[in-house]
Amino acid sequence: MNPVARALWNPIVAKEYRTRMRTWRSPFAITLYIVLLGGLGWAVFAAMTSNTAGFGSQGTNYGQFLFLFLVIFQVVLLAFITPALTSGAISGERERQTLDLLFVTPIAPFSIIWGKLLASMSFVVLLLILSIPIFSLVFLFGGIELDQVVYAFAVTGATALMLGLVGIAFSSFFRRTLAATVAAYGTAFVLLLGAFVYGYLFPIDVDPNALTAPSPPVITLISPVLPLYTIATNGPLAGYGVRYSQSQFQSGAQGNQYCAPTINGGVMCTSNGVGTGYTTKGGVQSPGATLQTGLFQGWQYWQASIALQLMISAVALLLSALVLPPVRRFHLRRKQAPAPVAA
Amino acid sequence: MIAVQDLTKVYGKRAALDHISFEVPEREIFGFVGPNGAGKTTTLRILAALLEPTEGKAFIDGADVTRDREKVHTRIGYMPDFFGVYDQLTVGEYLDFYAACYRQQKRRRQTIVNDLLALVGLTERKHQLVDTLSRGLKQRVCLARALVHDPAVLLLDEPASGLDPRARVEMREILKELQGMGKTIIISSHILPELTELCTMIGIIDHGRMRATGSVREVIARLTTGRRLRITVIEQKDAAIEVLTPLASVRNVESVNGTIEAEYEGDESTASDILFALTGAGIRVSSFIPVDGGLEDAFLKATSEEVG
Chain B
0 MNPVARALWN
10 PIVAKEYRTR
20 MRTWRSPFAI
30 TLYIVLLGGL
40 GWAVFAAMTS
50 NTAGFGSQGT
60 NYGQFLFLFL
70 VIFQVVLLAF
80 ITPALTSGAI
90 SGERERQTLD
100 LLFVTPIAPF
110 SIIWGKLLAS
120 MSFVVLLLIL
130 SIPIFSLVFL
140 FGGIELDQVV
150 YAFAVTGATA
160 LMLGLVGIAF
170 SSFFRRTLAA
180 TVAAYGTAFV
190 LLLGAFVYGY
200 LFPIDVDPNA
210 LTAPSPPVIT
220 LISPVLPLYT
230 IATNGPLAGY
240 GVRYSQSQFQ
250 SGAQGNQYCA
260 PTINGGVMCT
270 SNGVGTGYTT
280 KGGVQSPGAT
290 LQTGLFQGWQ
300 YWQASIALQL
310 MISAVALLLS
320 ALVLPPVRRF
330 HLRRKQAPAP
340 VAA
Chain Z
0 MIAVQDLTKV
10 YGKRAALDHI
20 SFEVPEREIF
30 GFVGPNGAGK
40 TTTLRILAAL
50 LEPTEGKAFI
60 DGADVTRDRE
70 KVHTRIGYMP
80 DFFGVYDQLT
90 VGEYLDFYAA
100 CYRQQKRRRQ
110 TIVNDLLALV
120 GLTERKHQLV
130 DTLSRGLKQR
140 VCLARALVHD
150 PAVLLLDEPA
160 SGLDPRARVE
170 MREILKELQG
180 MGKTIIISSH
190 ILPELTELCT
200 MIGIIDHGRM
210 RATGSVREVI
220 ARLTTGRRLR
230 ITVIEQKDAA
240 IEVLTPLASV
250 RNVESVNGTI
260 EAEYEGDEST
270 ASDILFALTG
280 AGIRVSSFIP
290 VDGGLEDAFL
300 KATSEEVG
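Residue numbers (numbering that gives the first Met the number 0), protein chains in the order written: chain B, 0 to 342; chain Z, 0 to 307.
By construction, these hints were calculated from the structure, which means they are not laboratory data. Nothing here was measured: the structure is a model prediction, and the numbers come from that model. No residue lacks a Cβ here, since even glycine has one placed at the ideal position from N, Cα and C. All clues given are correct.
Reference listing, derived: stretches of chain Z covered by chain B, where coverage requires no fewer than 3 residues with Cβ under 8 Å from a Cβ of chain B: (1) 45-59; (2) 72-79; (3) 84-90; (4) 97-109.
Restraint-style ranges between C-beta atoms, simulated for each label pair: (5) B:R17 to Z:M180: 30 to 38 Å; (6) Z:D63 to B:A13: 30 to 38 Å; (7) Z:D149 to B:G293: 56 to 64 Å; (8) Z:G11 to B:G238: 50 to 58 Å; (9) Z:R13 to B:I131: 52 to 60 Å; (10) B:Q96 to Z:M180: 23 to 31 Å; (11) B:V124 to Z:D149: 36 to 44 Å; (12) B:S25 to Z:E217: 53 to 61 Å; (13) Z:E69 to B:I33: 41 to 49 Å; (14) B:V196 to Z:Q127: 46 to 54 Å.
Generate coordinates for the entire structure from the input sequences, incorporating the hints supplied.
Rendered as C-alpha cells:
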C-alpha cells in the first residue's frame, strides 16, 4: 500500500466503521436526523402555504425560504451530532484502556487521529448524502440553483469538519469523555452561535464617505449562519454586523441624508429634507454575496467562511497531534532525578 | 537482549524508579517481583516506550527505548495489566485489527490469527465477541494480541492476575511454549511460587529500587541465609523445642501450625545431628523435612528493609 493510500485508509478507519455500525446508536441517529430534517421541511412548507402573506406568494420564495430553513437546521443538527461523534474518539480509547495498545503498534499518533477523524467525517458525509432527497424538494419550487446547494453543503461540511476536529482536540486533551464532550459542545456553541451574535454585539461602524457597505467583522464568518444565509438569499443579511450613528446624517444640498446598506451589498441614502425618496449613493453596486471590505475582500461569504473554518480545523489538528503522543517531544521543564541512594 | 541502566522515573517529588539496572539475556524468562507501587509497571511502560524515563537508559535488542521507539515497537509484544478490548469486535476481528496495525499483509493476517488462536487454545472462540469472554479467556486473547507481529521480546504485566488456578496453569504452559519458541520474556507478577517454576531469572524491586537480580537460584541463595527444617513430632512438641533451642547449630525455633520450624547453619550432616539429638532425647519424630527457603522468603527478606 502506498503512503497516500495508507494515510487515507488505516486499520482504525475499518475498525471504527465496523464497531460504529454494529451498535443501535448509528441507525437511530440516522433515522432521527432524517425524520427531524424532513419534519422541519414539511413544517416550513405547511406554514408557507397556509400563510402566504408572511413568506411571500411566489414559488421561488417558497424554494428560497425552505432551502434557508433546511440548511440552517442541518447545521444545527450536525452541531449536535459531530461533537458526539468525535469528543469520545481518543478519550474513549483511554477509558477502554486500548490507547496504550495502539501506541505500541507502528501506527503514528497522527494516524490514530486521522483514522478517527476519517471515520467520524464519513458518518457526517453519510448524513449529508441522506439529506439530498429532502433538499431536492427545494428544486420543485425553483429559486435555488444547484451551485447554491453545493456551496451550502461545502459550508456545512467545513463546519462539521471544524467541530469534529475541535472534538478530537478536546478528546486528546481530556482524559475523560464527559469533560471532552462538555468542552466540545461549549466550543461548538461559541463558534456557531457566539460568532454570529458577535456581529450584533460588536458591529463595524459605517464610514459615511464609503461607497459600499462594510463587511461584518471577520470573526462572524466562523459561524456558518451568515454564509448560508447569503447563499440562500443571494445577498447579505441587511444591517448585520454594521452600525450607523447620528453623525452619518449628512448635510446634503437638498437636506440631510441617511445612508444604509442595501440587501445586495450596496449603500442606499435617503434624503431627509425635500422628500425626493430614496437615492443610490455613488451608484456602486456589488454582488450580494461578496465581501466588500476586510481581510477577505472580494471573496464570497461562503468561501471566507470555509477558509476560516479550515484554519481552525488545522489548528485543532495540530494541537491534537501535539497533545496525543504518550512521549512528547517538547518539555516545558526537565525534571531532575534524585541522586542514587547508597545501598 | 534487554538492558536497563540506571533507570529513574520521577513523578513530582516521588521517585517511582530510583536508578535501577538489570539485564536479561536472550531466551530467558525474567520474573519482575515487587509489592504494589514498587515500580514494576513503570519499568515495563518505559521498556515499551510508552513512558519517558527521567534519567537512565534502556535498550531492547540494541534499540534505545527513548530514541528508536518504532524499532522498539516492532521488537516487543506488550501485554499491560488490563485487557483493553473493543466491545463490538469478535476475537478474530480483534486480532486481525492489531495484525493490520502492525502492518501485516492482508493475505497473511488470517493465517496469523488462526495460528495464534491455536496457540492460546481459542480456535473455537474465533467468532465470539471479545467482550463476552471470561477473564481467563480475555487474558489469552490479549497474549495472542501481543504476538501478532511475532516479537522477539514479550513484556507481560501481571499476566496471571485474577485468573483461577486452572487458567494460571494454562497461562504458564503457554509461556513455557513461547520460551521454547525463542522469545525473551519479562513477567511482572505477585504470584511467587509460579514465578519460581517458570522464570530463569528474577529481579526483586521495592520502593523503586532493585533489591536483587540474577538467576532464581542465585537470588534465593543470596537472600535466604540459613537452612530450614520442618519437623513433626508425636505429642512432644514442647519437649522437642526444649531439645532444639540449646543446640549450637540451631539459630531459631518456632512452632508453626502444629509443626516445628527450625533454622540452622550447616549442611546435611548438621541436619542429621539435629535429628539424632531429638531421637536421642526420646522424642518420637514422625517427619523431618528440609525446607528450601524459596522465592517467597527471598522476597520477604528483600522487601522487609525500610527505605528512607
